Amino acid sequence: MAYALQQLINGLTLGSMYGLIAIGYTMVYGIIGMINFAHGDIFMVSAFIAVTAFTLLAAADVTSVPLALTFVLIVSIFFTSAYGWAVERIAYRPLRGSTRLAPLISAIGMSIFLQNAVQLTQGARVKPIPPVIQGGLEVWSTPEFTVQIGWSQLLIIAVTVVMMVGFTWLITQTPFGRQQRSCEQDRTMASLLGINVDRTISFTFMLGASLAAVAGVMVTVYYGVIDFYIGFLAGIKAFTAAVLGGIGSLPGAMLGGLLIGLIESFWSAYLWAEYKDVATFAILVLVLMLRPSGLLGRPEVEKV
Amino acid sequence: MSAVVFARHQITPAERLRDAGWVAFVALILGIPLIGLTTVDAGGSLEVSTRFGLLAACVVAAFGGRLGLRWMIDTMGARKLERQRADTGKSVGISPVKVVNVIGWIALGASIALPIMYSDNRYVVDTATTVLIYVMLGWGLNVVVGLAGLLDLGYVAFYAVGAYSYALLSTQYGWGFWEALPVSGGLAATFGILLGYPILRLRGDYLAIVTLGFGEIIRIILVNWTEFSNGPNGISSIPRPTLFGLEFSRSAAEGEQTFSTFFGIDYSPMHRLIFLYYLILVLALLTHAFVSRLRKLPIGRAWEALREDEIACQAMGMNTTNIKLSAFAIGAMLGGFAGMFFAARQGFISPESFTFTESAIILAIVVLGGMGSQMGVVLAATLLVLIPEFGRNFSEYRMLLFGAAMVLIMVWKPSGLLSHREPTLRLSRGGARNQDALEEAAQ
Amino acid sequence: MSTLLSVCELTMRFGGLTAIDQLSLEVPAGKITGIIGPNGAGKTTLFNCLTGFYKPTTGTLRLNHPTRGELRLESLSSHRVARDAQVVRTFQNIRLFPKMTVLENLIVAQHNVLQRASKFSIAGIFALPVYRKAEGEAMARAETWLRRLKLERLADHAAGDLPYGIQRRIEIARALCVNPVLLCLDEPAAGLNPRESAELNELLLYLCGEMGIAILLIEHDMSVVMNVSDHICVINYGRKIAEGSPEKVQNDPQVIKAYLGEDDEDDADDASGGIAA
Numbered sequence: 001m002a003y004a005l006q007q008l009i010n011g012l013t014l015g016s017m018y019g020l021i022a023i024g025y026t027m028v029y030g031i032i033g034m035i036n037f038a039h040g041d042i043f044m045v046s047a048f049i050a051v052t053a054f055t056l057l058a059a060a061d062v063t064s065v066p067l068a069l070t071f072v073l074i075v076s077i078f079f080t081s082a083y084g085w086a087v088e089r090i091a092y093r094p095l096r097g098s099t100r101l102a103p104l105i106s107a108i109g110m111s112i113f114l115q116n117a118v119q120l121t122q123g124a125r126v127k128p129i130p131p132v133i134q135g136g137l138e139v140w141s142t143p144e145f146t147v148q149i150g151w152s153q154l155l156i157i158a159v160t161v162v163m164m165v166g167f168t169w170l171i172t173q174t175p176f177g178r179q180q181r182s183c184e185q186d187r188t189m190a191s192l193l194g195i196n197v198d199r200t201i202s203f204t205f206m207l208g209a210s211l212a213a214v215a216g217v218m219v220t221v222y223y224g225v226i227d228f229y230i231g232f233l234a235g236i237k238a239f240t241a242a243v244l245g246g247i248g249s250l251p252g253a254m255l256g257g258l259l260i261g262l263i264e265s266f267w268s269a270y271l272w273a274e275y276k277d278v279a280t281f282a283i284l285v286l287v288l289m290l291r292p293s294g295l296l297g298r299p300e301v302e303k304v
Numbered sequence: 001m002s003a004v005v006f007a008r009h010q011i012t013p014a015e016r017l018r019d020a021g022w023v024a025f026v027a028l029i030l031g032i033p034l035i036g037l038t039t040v041d042a043g044g045s046l047e048v049s050t051r052f053g054l055l056a057a058c059v060v061a062a063f064g065g066r067l068g069l070r071w072m073i074d075t076m077g078a079r080k081l082e083r084q085r086a087d088t089g090k091s092v093g094i095s096p097v098k099v100v101n102v103i104g105w106i107a108l109g110a111s112i113a114l115p116i117m118y119s120d121n122r123y124v125v126d127t128a129t130t131v132l133i134y135v136m137l138g139w140g141l142n143v144v145v146g147l148a149g150l151l152d153l154g155y156v157a158f159y160a161v162g163a164y165s166y167a168l169l170s171t172q173y174g175w176g177f178w179e180a181l182p183v184s185g186g187l188a189a190t191f192g193i194l195l196g197y198p199i200l201r202l203r204g205d206y207l208a209i210v211t212l213g214f215g216e217i218i219r220i221i222l223v224n225w226t227e228f229s230n231g232p233n234g235i236s237s238i239p240r241p242t243l244f245g246l247e248f249s250r251s252a253a254e255g256e257q258t259f260s261t262f263f264g265i266d267y268s269p270m271h272r273l274i275f276l277y278y279l280i281l282v283l284a285l286l287t288h289a290f291v292s293r294l295r296k297l298p299i300g301r302a303w304e305a306l307r308e309d310e311i312a313c314q315a316m317g318m319n320t321t322n323i324k325l326s327a328f329a330i331g332a333m334l335g336g337f338a339g340m341f342f343a344a345r346q347g348f349i350s351p352e353s354f355t356f357t358e359s360a361i362i363l364a365i366v367v368l369g370g371m372g373s374q375m376g377v378v379l380a381a382t383l384l385v386l387i388p389e390f391g392r393n394f395s396e397y398r399m400l401l402f403g404a405a406m407v408l409i410m411v412w413k414p415s416g417l418l419s420h421r422e423p424t425l426r427l428s429r430g431g432a433r434n435q436d437a438l439e440e441a442a443q
Numbered sequence: 001m002s003t004l005l006s007v008c009e010l011t012m013r014f015g016g017l018t019a020i021d022q023l024s025l026e027v028p029a030g031k032i033t034g035i036i037g038p039n040g041a042g043k044t045t046l047f048n049c050l051t052g053f054y055k056p057t058t059g060t061l062r063l064n065h066p067t068r069g070e071l072r073l074e075s076l077s078s079h080r081v082a083r084d085a086q087v088v089r090t091f092q093n094i095r096l097f098p099k100m101t102v103l104e105n106l107i108v109a110q111h112n113v114l115q116r117a118s119k120f121s122i123a124g125i126f127a128l129p130v131y132r133k134a135e136g137e138a139m140a141r142a143e144t145w146l147r148r149l150k151l152e153r154l155a156d157h158a159a160g161d162l163p164y165g166i167q168r169r170i171e172i173a174r175a176l177c178v179n180p181v182l183l184c185l186d187e188p189a190a191g192l193n194p195r196e197s198a199e200l201n202e203l204l205l206y207l208c209g210e211m212g213i214a215i216l217l218i219e220h221d222m223s224v225v226m227n228v229s230d231h232i233c234v235i236n237y238g239r240k241i242a243e244g245s246p247e248k249v250q251n252d253p254q255v256i257k258a259y260l261g262e263d264d265e266d267d268a269d270d271a272s273g274g275i276a277a
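Chains as they are written, first to last, in the numbering used here: chain A, 1 to 304; chain B, 1 to 443; chain C, 1 to 277.
Incorrect hints may appear among the rest.
Stated by the list, open to error - Pulled a few chain B residues facing chain C out of the computed Cβ check, cut under 10 angstroms: (1) 309; (2) 313; (3) 320; (4) 424.
Think of the hints as simulated: they come from the structure by calculation, not from any bench.
No experiment lies behind these values; they were computed from the predicted model shown.
Heads up, the beta-carbon is just placed ideally off N, CA and C, and yes, glycines get one too.
Can you make the complete structure from the sequences, with help from the hints?
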């Protein structure tokens with residue numbers, strides 16, 4: 001029981017990070033209907049930026065954790081959203097209106113490019129940073145097992161909740177959110193009504209990248225080690241999460257992320273850890289077979 | 001018309017500079033965290049080191065590159081406009097089909113002659129063999145993606161099934177290449193159907209992600225199920241194919257003969273490479289003949305119809321489930337053959353060779369070539385294998401170049417290099433009257 | 001007069017919306033039956049139920065097939081409706097195979113016959129006589145319909161590049177290549193100019209008179225429906241409100257109310273006149 005509770009906590013932490021990345025996929029899919037394959041690598045870039053920023057702070061002898069985190073988050077969000085913007089501008093915008101496969105291929109190309117660019121400029125070896133946040137809260141103690149919530153886990157869950165609230169507000173309450181939603185439903189009509197569609201799409205990419213940046217910082221804080229290859233698997237899982245939740249649906253992405261995180265931690269804990277990715281994909285296949293539009297996605301009525 | 005010319009000259013040097021300056025600024029922002037700063041390992045902990053010189057060089061390069069590119073695009077555009085204006089009448093060009101056909105024959109001739117001309121150049125023959133493996137994989141995937149329009153991101157799974165089934169059959173049960181060939185293909189096709197069946201209802205991107213998942217599942221199983229696949233260590237000493245029982249080795253096993261003793265020539269390791277090259281060439285050409293023929297048959301037309309409009313297919317009484325499964329099965333079978341050849345050529349396989357990147361490369365070949373175009377696959381496979389090879393001298397840049405090339409080619413030609421579609425049958429042999437008929441119809 | 005298709009108390013609900021409500025209808029063999037009604041009346045939904053794209057909530061669809069006996073369409077999947085029951089449809093928003101040529105579109109429609117002849121593609125790959133014969137027959141059939149619909153000179157053009165009116169004709173030609181016993185046409189005159197719709201009238205009469213194909217016709221263009229239909233059924237809000245000969249229907253107070261009462265007659269006229277202009 002205690003062990004299960006611990007897995008629940010770990011799963012929620014992991015799921016929060018997947019959820020943050022998944023939102024980037026789901027938003028981009030919603031607005032231009034493509035899988036932004038490079039999104040996982042944007043997340044990876046953000047983790048590298050976070051490592052550099054943390055190292056800079058350590059060199060400058062900054063010891064206050066809140067100050068350091070704020071600084072790293074801001075720096076990472078700034079540069080990562082620049083990457084999000086640039087990827088869209090270079091690889092996707094020229095392909096708008098062409099076949100569905102063309103942007104997917106250029107996205108895969110972009111993903112390979114980013115991975116190798118980071119490998120070349122930052123080195124292929126893993127990057128460890130000293131733990132930023134240590135310790136935690138003992139929640140429940142039984143003779144066999146002590147359930148612990150790490151401060152970093154609490155931080156991740158809290159930041160995710162804050163981001164989600166802020167993000168929901170942005171999408172539902174602000175003029176930008178309205179423009180974003182209108183472009184999602186009908187891009188042509190939106191542009192006829194005077195909405196700058198290009199700018200809205202760019203902004204969507206930047207927003208998605210910002211959330212990925214938050215996830216990148218959190219991953220750095222939580223695990224303390226990153227390498228240039230983390231983007232691929234995290235990206236795939238986050239995309240799976242987005243599909244699981246119903247692609248195009250923002251709460252769906254978060255829910256899917258949490259589910260994937262929970263499935264993964266419980267599967268690793270009770271079954272075979274080495275097959276945890278198989279479990280993720282198997283569940284994805286099952287969900288899609290039984291409910292092709294995902295958990296919270298609107299079912300597509302086939303218009304004949 | 002003059003207005004157009006006027007508009008073209010509107011771009012002033014100042015605007016060009018501003019444009020390039022903006023690009024340089026973006027390059028600076030993007031460059032700071034990755035190029036300008038880096039962390040290096042300094043005795044157990046990280047330390048930041050700076051490379052502002054390199055960053056400055058990159059920014060300058062971005063500025064200059066943008067100026068040059070802009071200028072090139074503008075002059076090319078102007079020239080194109082010029083040509084279009086000169087070309088007011090109907091252009092009496094040679095049809096693109098004929099050009100492609102001629103190039104195809106030349107390519108075939110060159111590929112037959114290649115090992116003869118480079119019979120002592122191991123590198124060239126090896127690279128050409130790699131190109132042909134990708135051509136064959138591209139032709140196989142072309143059935144699924146190019147013709148049937150089913151987006152498959154896990155094609156490498158079938159490649160792996162083919163490779164592992166031969167590796168296991170030969171090392172565990174002593175099967176030869178030729179006996180194992182139909183079995184490997186059949187196994188891969190069975191996998192195609194097994195994987196395809198549950199996901200047939202899915203459309204577009206869902207299909208893509210699930211196939212990607214299947215590809216990963218197969219790889220993860222190969223890594224972890226060590227009793228079966230020997231895990232990450234892979235399977236080694238896979239026997240090479242023989243030519244009617246003649247082995248390509250220095251000395252033959254008991255009761256067997258080697259190629260060199262049979263023909264009474266000196267043993268050379270090149271013989272085997274050249275033999276492998278011709279073997280994959282024959283396999284690839286058979287694949288080509290097979291796929292091209294299928295395209296002109298009801299099943300091939302059904303695939304294309306499926307790609308165009310699934311609902312209309314159903315309304316015409318076509319069983320779309322069977323059509324999709326047949327595309328999956330045949331694509332998988334061809335992938336299995338290629339995988340089997342790969343195992344036989346390398347003599348060693350491990351799950352390393354069957355990563356998602358491989359699937360991505362094969363898909364890129366199909367899409368870059370122009371969906372459904374057989375010649376396009378050849379062109380794209382050649383390009384994508386050779387581009388990283390050109391960067392061989394600074395090998396760490398290979399995949400970087402590869403990724404950049406994928407993006408650039410796609411942006412340059414979104415519908416692929418050769419996107420012309422040749423009808424599978426014609427009513428009139430000529431077709432010269434078609435233009436008039438269209439004009440008549442438009443009235 | 002024998003009945004080809006009898007629709008019995010058909011109901012189709014989408015969540016809370018009842019698109020078709022207890023609709024009963026008889027389609028006679030070898031005649032043209034028109035189905036009219038204001039927009040959103042449930043006409044296309046009826047077609048979708050008939051051709052297996054939707055599963056009706058309740059009700060039966062009995063087809064009296066001339067050679068295969070009684071078939072229950074509601075239990076067949078969409079491709080079997082076309083293949084086994086030979087009930088073939090066209091679509092309101094044309095669904096051709098746009099990158100394939102007109103001829104290829106017509107050959108694809110004969111897929112089942114050809115696929116059987118190709119013996120799992122083996123006879124096809126080696127171009128055995130059995131396949132070559134079938135292919136020749138398919139070509140001949142396609143050519144016949146191309147000629148009949150004045151499309152033979154466009155046979156080798158990509159279907160998607162052709163003008164709208166021609167695409168409508170191609171879709172009908174393609175449906176005919178499936179060899180239908182019942183042809184369901186969903187607004188075949190939409191977007192046609194007056195000359196083209198006159199030709200359409202002539203074609204429909206020929207198909208029904210000479211070829212004996214029963215036709216179920218959804219159409220807003222009154223000049224087509226009133227001139228060719230033997231029998232008209234008027235639907236509104238998923239229910240049948242009137243039925244009978246064109247003259248009878250035109251004077252039915254219920255019908256006039258359905259159209260005029262909701263100011264829809266103008267729409268109907270505008271739709272046909274407007275697009276044709």
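Hints and how they fare:
no.	hint	result
1	309	5 angstroms, holds
2	313	8 angstroms, holds
3	320	7 angstroms, holds
4	424	6 angstroms, holds
Figure legend: structure checked against the earlier numbered hints; every hint is met.
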